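Chains A and B, in that order, give the protein sequences.
If you read the first sequence in the numbering used here, its first letter stands for residue 1, the second for the next number, and so on.
If you read the second sequence in the numbering used here, its first letter stands for residue 1, the second for the next number, and so on.
Mixed in with the good hints, there may be bad ones.
To be verified - Label-pair ranges, simulated between beta-carbon atoms:
| id | chain 1 | residue 1 | chain 2 | residue 2 | range |
| --- | --- | --- | --- | --- | --- |
| 1 | B | P198 | A | S223 | 45 to 51 Å |
| 2 | B | D145 | A | F85 | 34 to 40 Å |
| 3 | A | A33 | B | F181 | 19 to 25 Å |
| 4 | A | R229 | B | D184 | 51 to 57 Å |
| 5 | B | G185 | A | L213 | 43 to 49 Å |
Stated by the list, open to error - One-sided and incomplete, this derived list gives chain B residues near chain A with beta-carbon spacing under 7 Å:
| id | residue |
| --- | --- |
| 6 | G13 |
| 7 | G76 |
| 8 | L153 |
Said to hold, decoys possible - Quick look at which bits of chain B chain A covers, simulated, 3 or more residues with Cβ under 8 Å:
| id | segment |
| --- | --- |
| 9 | 90 to 101 |
| 10 | 213 to 220 |
| 11 | 255 to 262 |
What the hints contain is simulated information worked out from the structure, not anything from laboratory work.
Bear in mind that the values here come from a model prediction, so they are computed numbers and not experimental data.
The beta carbon of each residue, even a glycine, is placed where N, CA and C say it ideally should be.
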Amino acid sequence: MTTTTTLERRPAVVSLGAASRRSGRSQRARRKATPYLLLLPAFALYAIFTAYPVFRQFEISFFNWHIFPGASNPFVGWSNYTKIFDDPIVRTAVWNSFLWIVVTVPLQIAIGLFAAGTLADRLPASALWRAAIYIPVVTSPVVVAWVFSYLFASQGGIANSVLAVFTGHREAIDWTAQTWTGNMVMWLLTTWKGVGWSFIIFVAALDGVPRELLEAARIDGASEPRVWRSVVIPSLRAAITFVTVLLVIGAAQTFSQVYLVTSGGPYNSTQTLMSYMRQLAFINFSFGYAAALASLVALVLFGFSWAEIYVLRQQEL
Amino acid sequence: MAKPALSSTGLFGTRPKTRLRLAIALVLALLSVGPLIYMVILSFQSNNDIQGDTVLLPTHPTTSNYVVAWTENSFGHYFANSFLVAVATVVITVSLSSLAAFAFARYKFPGRELIFYSFLASLAIPPVLLIIPQFLLMDRLHLVDSLVGLVFLYVSANLPFMIFFLRGFFAAIPREYEEAFRLDGASTLRVIVRLIAPLSLPALALVSMFTFSMAWDEFPLALTMLNTPSHFTLPIGLSDFIGAHTTFWGPFFAGSVIATVPVVIVFVVTQRWSRRGISLGGLR
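All chains should be built: construct the whole structure from the sequences, respecting the hints.
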């Protein structure tokens, strides 16, 4: 449909070209300025509130920064950075953030892909299933954190009741007060809240799998698992890359769950990089040290995102 | 029963397996919505029921939790704050990202790549990461503890992805429509408002939904910037409430329902658009 309209409109384009050639220099200058004017408001906000803080944070990381008015902020060179490598809590936080990525990212991709594959073809009430699976994504992290805290509460929590019914284990477990069970509750809620996002992107990506390839493979007698392995998954590569990168970045910024569910405890054993960074800054008031930690994480994520842009660009060709 | 298509992309291929797939869909849907349904049930329970042993259905259903949350705990006020912040964020983000996306989709100009990739690179910066310099910046601009300041931060956090997303969508609109429009002497702004925007409604609806839910739910920035209770948004009000009296789960769950219903409504309203929006956008 669109193509025919395009062809019919051709003459109009030619006459427009002639018209613009006749126009004066001031109009050409205005045309040149147009894209910059269009970009200006967005770029200004972005530059002030996102780009500038990146550099500002790097600057602060070289000072022993105090936020109190009138306080002096001595320059301390790289010492905030060297401190990072001697800090045992940073080591715990790196480990926890790493686990967070390794556990929640593959789970979200696998379940999202499975759900998208199940719902891809015609199914009664598919809009309803889609909506239900996506709804956790739009809920507030505060609501979710406390609902899960309640589900796993030591008193009256549904998790302990279920456990008692199935295993006869009557002793109440205080899930969120221990390192491993606390981590598990937070991984579970992160996966629960995140699956819908990868699901919706895979649903859209499945729409874009070339029909001819699927038909050709099936006519050639390829088995269904084979069709998925050799046709569907390779066509989803761009989507899978995109989802992986954004989920990893998301997992690296984990803050709200930790702040709300375990507060990083017991004894900082469930801290992640961002929850520890914020605690350093706004509870311990070590702004310079926290800024150094944040800058280092930013650097790693930048490298990661550069790789993402590189990969996506290769695939666009 | 419809004949299975050879071009099926489903996990179960050319065999429809409708009943099995329906069962899986039902389980996934229940797991997704289950905790939220439980939250709704809890919001109608008395505090005694919530405190005691696990109960699935309230023995004495009550709406008093809602009354307590809305009046005594100023959830009405937080609701208004959240609503103002979210609507302002949506309006500004949608307008500014449309203008910028149009520039990237339609013009070749020096610095285009550089500006585009600098936007794109910021997708790697999670909002929490910049909390320290943003706090200091807000302090200098006298925007700490201000909802206006929060809107600025939310808009700038949302812009890059929305520009990236809309650019793909705008680029897919045939140029010829626009040129016919311009022959009548329409300005660029008019072209965007009168032609591009109406043609992109599904994408704009999606952008609005994403932005609204981000601004409505955002926690770490609001937690750091706001300190006067009368300026709290819903997430901060909720977390502050549970911190202050952990034993009042009833009103807390009522507040949670109040905080969840608007995003769900916004999502359901935009859902009918969302599939087309995503598949035509930059994500493919």
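Okay, the hints, checked on the actual structure:
no.	hint	verdict
1	B:P198 <-> A:S223: 45 to 51 Å	holds (47 Å)
2	B:D145 <-> A:F85: 34 to 40 Å	holds (36 Å)
3	A:A33 <-> B:F181: 19 to 25 Å	holds (20 Å)
4	A:R229 <-> B:D184: 51 to 57 Å	holds (54 Å)
5	B:G185 <-> A:L213: 43 to 49 Å	holds (47 Å)
6	G13	holds (4 Å)
7	G76	violated (17 Å)
8	L153	holds (6 Å)
9	90 to 101	holds (count 4)
10	213 to 220	holds (count 5)
11	255 to 262	holds (count 3)
The earlier numbered hint that this structure contradicts is number 7, and it is the only one.
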